[in-house]
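**Student:** Here is how the chains run, residue by residue.
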Amino acid sequence: MESNWYPLAVFFAAVFTNNILLANYLGMCSFLSIAKELKASVGLGMAVTFVMAVTTVLNWMVYTYLLVPFGLEYLRFIVFIIVIAAFVQLVEMIIERVSDGLYAALGIFLPLITVNCAILGTSLFMVIRDYSLIVSFFFGLGSGLGWFLAILAMAGILQKLKKARIPKGLEGAGITLVITGIMALAFMGFAGILMIG
Amino acid sequence: MAKGAVKKTFLKPLGKENPVFVQILGICSTLAVTNKLENTMVMCMGVLFTTSLSGFTLSLVRKFIPARIRMMVETLVIATFVIIVDIALRAYLPDVWRQLGPYVGLIITNCIIMGRAEAFALNNPPGLSLVDGIATGIGYSYVLLIIAFFRELLGTGEIWGYQVLGAWWTNWSIMVMPPGAFFMLAIFIWIVKGKIIQEAADGK
Numbered sequence: 200m201e202s203n204w205y206p207l208a209v210f211f212a213a214v215f216t217n218n219i220l221l222a223n224y225l226g227m228c229s230f231l232s233i234a235k236e237l238k239a240s241v242g243l244g245m246a247v248t249f250v251m252a253v254t255t256v257l258n259w260m261v262y263t264y265l266l267v268p269f270g271l272e273y274l275r276f277i278v279f280i281i282v283i284a285a286f287v288q289l290v291e292m293i294i295e296r297v298s299d300g301l302y303a304a305l306g307i308f309l310p311l312i313t314v315n316c317a318i319l320g321t322s323l324f325m326v327i328r329d330y331s332l333i334v335s336f337f338f339g340l341g342s343g344l345g346w347f348l349a350i351l352a353m354a355g356i357l358q359k360l361k362k363a364r365i366p367k368g369l370e371g372a373g374i375t376l377v378i379t380g381i382m383a384l385a386f387m388g389f390a391g392i393l394m395i396g
Numbered sequence: 003m004a005k006g007a008v009k010k011t012f013l014k015p016l017g018k019e020n021p022v023f024v025q026i027l028g029i030c031s032t033l034a035v036t037n038k039l040e041n042t043m044v045m046c047m048g049v050l051f052t053t054s055l056s057g058f059t060l061s062l063v064r065k066f067i068p069a070r071i072r073m074m075v076e077t078l079v080i081a082t083f084v085i086i087v088d089i090a091l092r093a094y095l096p097d098v099w100r101q102l103g104p105y106v107g108l109i110i111t112n113c114i115i116m117g118r119a120e121a122f123a124l125n126n127p128p129g130l131s132l133v134d135g136i137a138t139g140i141g142y143s144y145v146l147l148i149i150a151f152f153r154e155l156l157g158t159g160e161i162w163g164y165q166v167l168g169a170w171w172t173n174w175s176i177m178v179m180p181p182g183a184f185f186m187l188a189i190f191i192w193i194v195k196g197k198i199i200q201e202a203a204d205g206k
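Chains as they are written, first to last, in this note's numbering: chain X, 200 to 396; chain H, 3 to 206.
The set of hints was computed from the structure by calculation and includes no laboratory data.
Be careful, since some hints might not be right.
[Stated by the list, open to error] Calculated lysine-lysine pairs in the DSS-like style (CA-CA distance at most 30 Å, straight line):
#	chain 1	residue 1	chain 2	residue 2
1	X	235	X	359
2	H	197	X	235
3	H	18	X	367
[Unchecked claim] Chain H regions said to be covered by chain X (calculated; three or more residues, Cβ under 8 Å):
#	stretch
4	21-30
5	108-121
6	137-151
7	183-190
Just so we're clear, the structure is a prediction, and the values are computed from it rather than from any experiment.
Backbone N, C-alpha and C define an ideal beta-carbon position, used for all residues, glycine too.
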């Protein structure tokens with residue numbers, strides 16, 4: 200199992216077969232509220248990918264070098280969420296200083312990310328599945344890109360649907376969920392190529 | 003504390019302000035754990051426990067929390083209760099705990115709990131916040147249980163692990179897989195929202 204290609208396999212599995220949103224249902228809240236706008240979706244998608252890749256690695260280090268040696272694994276929820284919140288805060292401050300353009304594009308999305316369950320979920324999956332450091336990085340990156348892909352596709356589809364006539368009760372969240380379901384069906388077509396778990 | 007206020011607080015999250023199908027919050031776990039009734043029940047208990055007690059605790063200390071760091075305080079209080087749930091489940095229901103996997107920990111980022119803390123517990127006395135928390139938990143739970151009931155029934159022909167549909171039933175295995183969850187919730191929201199729209203139209 201643990202061959203040289205394993206991290207890459209995890210990466211592709213995280214994007215396609217075990218998509219964090221379509222197969223694990225994580226990050227739905229911001230997905231449902233942001234996917235209406237294509238531009239915002241791109242910004243949020245990039246921010247999520249970046250934060251996810253880095254925090255998964257940070258959390259892996261904290262978990263392996265701090266929590267496990269002291270037998271404090273049960274504190275991982277609190278510790279992970281603090282690491283994520285602190286990292287997001289840090290990134291926000293750095294971006295604000297360094298680049299106005301980037302801040303305008305990503306700044307408003309960063310606070311949203313702290314409570315995005317996909318980020319915490321990725322870290323928790325990493326612990327449950329016992330990934331090594333490198334695999335964790337690829338898993339975080341893949342999950343982020345998978346989420347990005349899903350929200351981008353959804354934003355595109357919703358844009359096309361703007362002029363469509365949708366039953367009143369299904370407007371908004373309802374139709375988004377139906378499309379997500381169809382997307383999940385489509386992504387199930389990838390199943391069998393790669394498996395992680 | 004007036005009786006009317008208690009009743010109003012209690013009834014709101016059950017109907018007009020239901021966290022799941024009106025406010026569309028906490029969708030992640032709604033979708034993730036509803037493939038089996040038993041898991042769903044355990045998850046609902048966990049969420050009920052966390053919303054009610056975190057609301058109560060935050061309301062007790064609400065006057066001492068500086069506004070700037072209130073999000074952090076809220077998260078920490080919620081996380082504490084989630085850890086209790088996690089440890090209890092691990093000890094008493096290890097099988098369910100394993101199946102729920104990361105979703106127990108993800109109660110922390112369940113927007114319902116954070117939302118109630120922010121919108122209610124910080125502005126209301128402890129007793130009323132406790133009522134609000136319990137009602138929100140119930141409002142969340144019954145939606146999940148309904149969805150789980152249909153998903154388990156159609157997907158495996160079972161209810162709570164017992165075979166109820168006979169051999170003639172062909173399992174719709176799609177129902178227990180991710181797409182089924184999305185479709186089921188969409189249908190549920192469609193029906194309920196349709197009713198609400200109808201009522202509003204009739205009322206005029």
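**Student:** Indicate, hint by hint, whether the structure satisfies it.
**Tutor:** Status of each hint after checking the structure:
1. X:235 <-> X:359: Holds, at roughly 11 Å.
2. H:197 <-> X:235: 25 Å, holds
3. H:18 <-> X:367: 17 Å, holds
4. 21-30: This one holds; 5 residues, not fewer than the three required, reach chain X with a Cβ under 8 Å.
5. 108-121: holds (count 6)
6. 137-151: Not satisfied, violated; 0 residues make the cut.
7. 183-190: Held - the stretch 183-190 of chain H has 5 residues with a Cβ nearer than 8 Å to chain X, which meets the minimum of three.
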